[in-house]
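Q: Following the hints, position chain D against chain C.
For the protein sequence lines, the chains are C and D, in the order given.
Here the working numbering is used: the first residue of the first sequence is 20, the next is one more, and so on.
Here the working numbering is used: the first residue of the second sequence is 20, the next is one more, and so on.
Honestly, the hints are just simulated from the structure, not real lab data.
Don't take every hint at face value.
Heads up, the list lumps identical chains together, so a pair's fine if it works in one copy or across two of them.
[What the hints assert, rightly or not] Okay, derived cross-link-like pairs now, DSSO-like style, lysine-lysine, Cα gap no bigger than 30 Å in a straight line:
1) K356 - K40
2) K174 - K94
3) K54 - K198
4) K167 - K216
5) K261 - K174
6) K264 - K199
7) K216 - K161
8) K161 - K201
9) K216 - K358
Protein chains: 2
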Amino acid sequence: MFLSKLDSLNDAVKLIDENQKVMDIEEVPLAEAHKRVLAEDIIAYHNSPPFDKSAMDGFALRGVDTFGASQSNPKTLKIVDAIGAGDFCDKVINEGEAIVIATGAPIPEGADAVLMKEYTTDDGEELTIYSQVTPGENVSPKAEDIKKGEKILSKNTFIRYSEMGLIASAGYDSVKVFKKPKVKLIITGNELVEPTKEEIDKAKIINSNKYTIKAIAEDSGAVVSISHAGDTFEEVKEEVEKASKDYDVIMTTGGTAISKGDVVLDVVDDLGEILFHGVAIRPGKPIGAGIVNDKMVFTFSGQPVAAMSQFDMFARKYLFKMQGRDFDWHIVQREAKLKIPSQLGRTDFIRAFSDDTYARHVLNRGSGIIRSMVEANSYIIIDENDEGYQKGDIINVVFFDSLLW
Amino acid sequence: MFLSKLDSLNDAVKLIDENQKVMDIEEVPLAEAHKRVLAEDIIAYHNSPPFDKSAMDGFALRGVDTFGASQSNPKTLKIVDAIGAGDFCDKVINEGEAIVIATGAPIPEGADAVLMKEYTTDDGEELTIYSQVTPGENVSPKAEDIKKGEKILSKNTFIRYSEMGLIASAGYDSVKVFKKPKVKLIITGNELVEPTKEEIDKAKIINSNKYTIKAIAEDSGAVVSISHAGDTFEEVKEEVEKASKDYDVIMTTGGTAISKGDVVLDVVDDLGEILFHGVAIRPGKPIGAGIVNDKMVFTFSGQPVAAMSQFDMFARKYLFKMQGRDFDWHIVQREAKLKIPSQLGRTDFIRAFSDDTYARHVLNRGSGIIRSMVEANSYIIIDENDEGYQKGDIINVVFFDSLLW
Chain C
20 MFLSKLDSLN DAVKLIDENQ KVMDIEEVPL AEAHKRVLAE DIIAYHNSPP
70 FDKSAMDGFA LRGVDTFGAS QSNPKTLKIV DAIGAGDFCD KVINEGEAIV
120 IATGAPIPEG ADAVLMKEYT TDDGEELTIY SQVTPGENVS PKAEDIKKGE
170 KILSKNTFIR YSEMGLIASA GYDSVKVFKK PKVKLIITGN ELVEPTKEEI
220 DKAKIINSNK YTIKAIAEDS GAVVSISHAG DTFEEVKEEV EKASKDYDVI
270 MTTGGTAISK GDVVLDVVDD LGEILFHGVA IRPGKPIGAG IVNDKMVFTF
320 SGQPVAAMSQ FDMFARKYLF KMQGRDFDWH IVQREAKLKI PSQLGRTDFI
370 RAFSDDTYAR HVLNRGSGII RSMVEANSYI IIDENDEGYQ KGDIINVVFF
420 DSLLW
Chain D
20 MFLSKLDSLN DAVKLIDENQ KVMDIEEVPL AEAHKRVLAE DIIAYHNSPP
70 FDKSAMDGFA LRGVDTFGAS QSNPKTLKIV DAIGAGDFCD KVINEGEAIV
120 IATGAPIPEG ADAVLMKEYT TDDGEELTIY SQVTPGENVS PKAEDIKKGE
170 KILSKNTFIR YSEMGLIASA GYDSVKVFKK PKVKLIITGN ELVEPTKEEI
220 DKAKIINSNK YTIKAIAEDS GAVVSISHAG DTFEEVKEEV EKASKDYDVI
270 MTTGGTAISK GDVVLDVVDD LGEILFHGVA IRPGKPIGAG IVNDKMVFTF
320 SGQPVAAMSQ FDMFARKYLF KMQGRDFDWH IVQREAKLKI PSQLGRTDFI
370 RAFSDDTYAR HVLNRGSGII RSMVEANSYI IIDENDEGYQ KGDIINVVFF
420 DSLLW
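Chain C on its own, in the form it takes in the complex:
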């Protein structure tokens, strides 16, 4: 009988994990690697900086020659040359000498510090200094950021903007990353129509899953194509079969046809293998998953909120790990603003608005109420072994933002 035996959330998640696939590797220009995941270790080809580098506009000199200099006790040095950024000077700085130097230019031999321009005056030949600097001051030492030959980033690192800079400095103009999974989202439901401002035919409903599930999957690093199927076994089978050849992951929404149980699961059963159907969670109990042609198929509800929550519980981690990126729910503790009942044996993901201290569940929680998801910024998670919480109890919360790619 339909959904009469429910899997526990943990068992269902385990079945997904056991069928985890990892994407192939591709090499992309570094400029396109932002927010991808490294599929190779980054070994530095260069020191960075490649030489002792001036960190200021000013004068390269021997720190010892400045000792004792002050506004009331200026000292004078001789200017012997000038080095612009990108230029190289092979002069050696001797006692009492200084060289005009730009930020980013190499410190010439003999010099060990840079005195900022603003603490000096000069006539082009004679330099008067009004401040002292210690050796090493305003110098970025060779290799202080990166040592040539060193592993500076590991495979499976997520490339943020700062990693982009580090990879560039290491000498990589292209980088190996995991391919993005291609997701085929198959929308089923004879009742669904496109958004329109015109009056809608009797018994028809606007399709919102098309928009939400595409966007949430893109928020997990995937590339999403959409197709539609009628509610019959044959139509769904054709779409799933086609998708299983050309895509890495298949997702469906809806697909419950009259008197037939869940036609989408029947298709999965026919073409491949059902991993589970029906999990003790709320919302989202009718979730299913299976394997067709070695590709994971997630069968989400037609109810918009159930579908989004099911995605979060099952598909997000799968998509992250496909791309070599680790993923765990980042659970934080908050104080319950309201009492929350729950049922033993079922894991609840309750839409909530939480701040740095409190969590308050959104009151209207039907699994079709998209607005409840819009009003929320987090889930309160109630474990299957808990019967709910009282106001003031400390409860587990996951912020939506912490789930994003």
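A: Positioned in the frame of chain C, the structure of chain D alone reads:
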């Protein structure tokens, strides 16, 4: 003299705020509106659901007819029709009658509840029920999510995946959003070369800002083009002048030419107006900003970490607000793992690794050490009125993730 008088962070931020621009509006297909910002209120064209809708596969019936039914005391009803999703049935349900109904189909007149299929058996004509339902059960009432004519989202709302669904349900297939700002990033520095695995010429340094600043600006919703300029006034002027015509915001990195102070600021001064140059912050003191041809110009340091931090302090909020999106640093409190000295009169943004309890600053903090940014996930902020903190003090922290678009 160069940077001799520093603005306070608050004064500099205020000058940016006073010159805040907001982008024009464009209408985009809803499918492209994810992560954009609404430039119109969304007024629902429809009720959602548009009718009392079955939330389950099962039988539409009168709840009262099921009262008392149980496994040991089954009741029988007469099946009078079937409604698939997308179909409409104008039969009226009378006492003792039921209609086969699919999830998503409209509840027929007379019925007020749906009994799930799994609690029944039937021979196609006679229905045996083993459970009772209360009126309203398994029915999503008309307009429970959205009422026609109601304002369901306000201008300036950020469109997440859940908002996508709500906008679709309200009947919008396209939506007005703020345009994305076009940013021209001008890289200056004669010493800079592209990433390469080959040996690099003496005195040359790989350009990493090109990668980090482009990526960080994209993380703020902008579209970024890059150009390069030599370190001369003329070359920089040509690029800035051109960019001020075709772009919404200009950003520069580097640009300190020998003995000339900051050539980029000289250009801004020549073409327009300098708002400030030099702010009492660390890292990033030499930050400047100005207006050229009514466009904001941010002049960032050549030092990679200084440039990223300057972006966070000044440009992020500006780009968010350009797109109609509110932005404030989300500051949270953590316990200091280590002692942190600071200087009165200067605001410090200290790269740190923080978790749910502690914040620990990254030890190697030179403004050229990109790796310090890679090792960090947050800033510890030390106000200009504080002289630093002791281990165990409660300090202010901002997570990098909370700054993203």
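Q: Take the hints in turn and mark each one as holding or not.
A: Structure-based check of each hint:
no.	hint	verdict
1	K356 - K40	neither (41 Å within a copy, 39 Å between copies)
2	K174 - K94	neither (54 Å within a copy, 63 Å between copies)
3	K54 - K198	both (12 Å within a copy, 23 Å between copies)
4	K167 - K216	between (62 Å within a copy, 11 Å between copies)
5	K261 - K174	neither (33 Å within a copy, 41 Å between copies)
6	K264 - K199	within (16 Å within a copy, 37 Å between copies)
7	K216 - K161	between (64 Å within a copy, 18 Å between copies)
8	K161 - K201	neither (44 Å within a copy, 36 Å between copies)
9	K216 - K358	neither (40 Å within a copy, 61 Å between copies)
When held up to the earlier numbered hints, the structure conflicts with 1, 2, 5, 8, 9 and fits the remainder.
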